[in-house]
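Undergrad: So the sequence lines, in the order shown, correspond to chains S and R. Start counting the first sequence at 4; every next residue gets the next number (my numbering). Start counting the second sequence at 227; every next residue gets the next number (my numbering).
None of these hints come from the bench; they were simulated from the model. Being a predicted model, the structure only gives us computed values, none of them experimental. Where hints are given, some of them may not hold.
Claimed, not checked - With a Cα cut of at most 27 Å, we get these calculated BS3-like pairs of lysine-lysine:
| hint | chain 1 | residue 1 | chain 2 | residue 2 |
| --- | --- | --- | --- | --- |
| 1 | R | LYS447 | S | LYS193 |
| 2 | S | LYS193 | R | LYS656 |
| 3 | R | LYS437 | R | LYS447 |
| 4 | S | LYS147 | R | LYS363 |
Claimed, not checked - According to the in silico footprint, chain S covers these stretches of chain R (three or more CB under 8 Å from chain S):
| hint | segment |
| --- | --- |
| 5 | 344–353 |
| 6 | 522–528 |
| 7 | 580–592 |
| 8 | 797–804 |
Backbone N, C-alpha and C define an ideal beta-carbon position, used for all residues, glycine too.
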Amino acid sequence: MSRVIVESNENWLRSLDPRTKTFLLLAFLVVGVSILDPFLTLGLLLLVFCLYLVAGIPLKDLAELSKPLIFAFVMFFLLNFPFAKPLPGEKVYFYLIPPRFVPITMTGILTGLSSALRFMMFIWIANLVTSITPTSELLLALNKSKVSPEASIAIGIAFSYIPELQKEFMTIVEAQKCRGAQLEQRNPAKRLIAYIPVIVPALYISILRGQDISRAIEARGFTYNPIHRTYRRDIVMQPADWAMVAVMALLCVVVLYLRYRYHWFDYRFILNLLT
Amino acid sequence: MKGPKATDLPKETLASQDGPDVDIRNVSYRYPGSKGQALKDITLRVNRGELVLITGASGAGKTTLLCMLNGMVPQSYGGDFSGSAFVKGYDTTKVPVGRLAFVSGMLFQDPAGQLICPTVEDEVAFGPENRGLPVDKVNSLIDECLDYVRMSGYRDKSPHALSGGQQQAVAIASVLAMEPDIYVLDEPTSNLDPLGSQMVFDLIGRVVRDKQKTAVIVEHKLEKLLGIADRLVIMADGQIVADGQPREVLLSLSAKQDSGIYPPQVTELFWKLQEAGLLEVTEAPFTVDEAAKVLSPSVQSWRTAESGKDSEEGKVEAEDAGETVVEVEDLEFAYPDGTKAIKGVDLKVHKGEFVSIVGQNGSGKTTLVKHLNGLLRPTRGTIRIMGEDAAKYPISVLATKVGYCFQNPDHQIFSSKVFDELAFGLKNLKRSKEEIQATVEMVAERLGLLDLLDHNPHTLSKGQRQRIAVAAVLAMGPDIMIVDEPTTGQDPRQSRQMMDLMRLLNEEHGKTIIVITHDMALAAEYSHRLVVMHAGRVILDGVPAEVFRQEEVLRSTNLEPPQITQLFLKLGIEPVAVTVDEAFMRLSGVLKEVLA
């Protein structure tokens, strides 16, 4: 069996084993959840940004991904204030709802920023890892992880069909717009209702597509002997993979230790260091 | 090698390897929950190396018959099955589908619906991997099969990023890689444009010729396959109604138009001439050359007699234009990635016209018409709808002037009642309840849907759903109707029903119709005007007869005039005919003169 062939023009990040990439994603999630300080979270976000540069993903794509996240970022920031308790004696800058509801304090600002930045960081890293991991590699990783061939093929097909289903979805949106449907509603409840004429045909078409796929894989002999099917390619952990896993594992251990042993990286960690 | 060669399969399922490749005897089949039988007492034998072409109207049982060849019917679908069905001696009711897949390789209608892997090479490898072949063998099959279908340069691409023709070529390669003895192809070109169809027909021809395999093909486009088919089987209502050498079968059918079979245009013309007693033929022609050979002597003697007469009738003039309802001026459109889809298009459509826009996939047809109702906005240039700048209005307002019907009715149908589906647009326009009720009923009556208003649209036939989709757009009261590829994926009868509906709206209700289609024969038959697009530009625009004269220009864009027009151009008869009926009228006159 041959290892996944990596084209010579590909960089080291893309050429990592899919299991390493998955570990990278998990490590960022663990570290991201453990660090509450917004400045450090911003640092993690910058680190992910650097990984985008290393992976050679056009920044235009990252901007496209981030645009719709801005609304969510603002919501994450604002929704934290009602729950962020001011520290005893902490200065209240002003109240969001007069006369004395939802105080705006430094703690509130820091927790809001932290949540919003973390949300952004999770989306960025998840997108990065899925962008640099071809579905075929993901399938191999699942197979190596002893996931059943039926499940791994189903997951692989589902990933392959995302662009196709997106295309179908856009056609449905256009078809309903042609009948005067007003899909751009500000109110989330109204927006959901407005999208029913899109969601119903999308589900119907997805079911039909699912039937087509099941017929197609059956006609291609998938049920012949799934357990003993051949996997043309194999994946083998290389030194670079082990190095990356070691670095990320160490990072996780150190962060978790400092966080839970010494209570580092709370919301005011950097602020307290500076003041 | 773990592949299911004859010896791998259970002995009790093996009849005889020496018999016909396909041996179906007295098979009747009913799908679970269905009242009627999909197959009724079918008997069919196909010998090794034969290419059998099966045709018939939708619902005739063709696909069910094919699914029986790889065991999906009855094994996967269930239902009531009687009779016996063997392929290469294996009982298709007993040998598992996963094993039969390597005996009868099946290719489906919709290329996108059968490509399941992330890359082209993964797609081709899928079957051999399932068979458990060694990696080296799988890799050599990938190389060999992709090379065979000339898709080696695309091995790392996503199959979904390819054109329809290329996708079907990859699907064919993936079936080839399974090394089946029998190729079972279910309408492999029905979703493709003319270029893609030609590519697939060429491939099928090569596979049958080079590999000397057995092939069973269901197809409506008989014109391209009759030349290579050994047998033609016609199905109707679950039964085989004709089976034999293609010319004999077509001759025996004669002009029975209600059979749902649409033979090549020249064959149909000969049927008509023969029925009128103007021609005696023992073999029906399939091709333009064959037809021209038979007609040439008569046309030659007629032309000698006619040579002195002034031939003014040869000139076809466009009808008086009338009021302009659509005016496109210097339109340019580029997608966000910079791809220019429309490059300086000027176009006028007049009130009451029936215009067909033709061209290959990617020529810019759909991009152009999406500007007419505001789905797309120009990068440069202007669009005027009934004299008003379309840029000033949102889609919801333009929808009351320009209706747009999508190719697949299932992209828009979402209600549980036909009435609600028809009322959706009117509700969006904030019309009163009374007005909605009156308009829906009026439109439903016009389109023959009055009795179905309380039905769930999802339980109706595709033809009825398409009619509902048109009615739902029509209810909004547009004067201009755009119909995007109403004939793609349809059988000839369904295509005609849709085009008849458009003609009704055009002639009886004064609607201006713009149809996007790949079907040159239908475009010629129904349209006042043809607009040919290529690479984002309008390259021909005129009455069908005049457009079809530009054979070279059309061929440069991989389009060709309908067979009947090609015959007239070859015979040099003016004016050229664009439909079988026109051709019959003209030629019966010629032949009568010659006979006199």
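Undergrad: Which constraints among the numbered hints does this structure fail? Numbers only, ascending.
TA: 1, 6, 7 and 8
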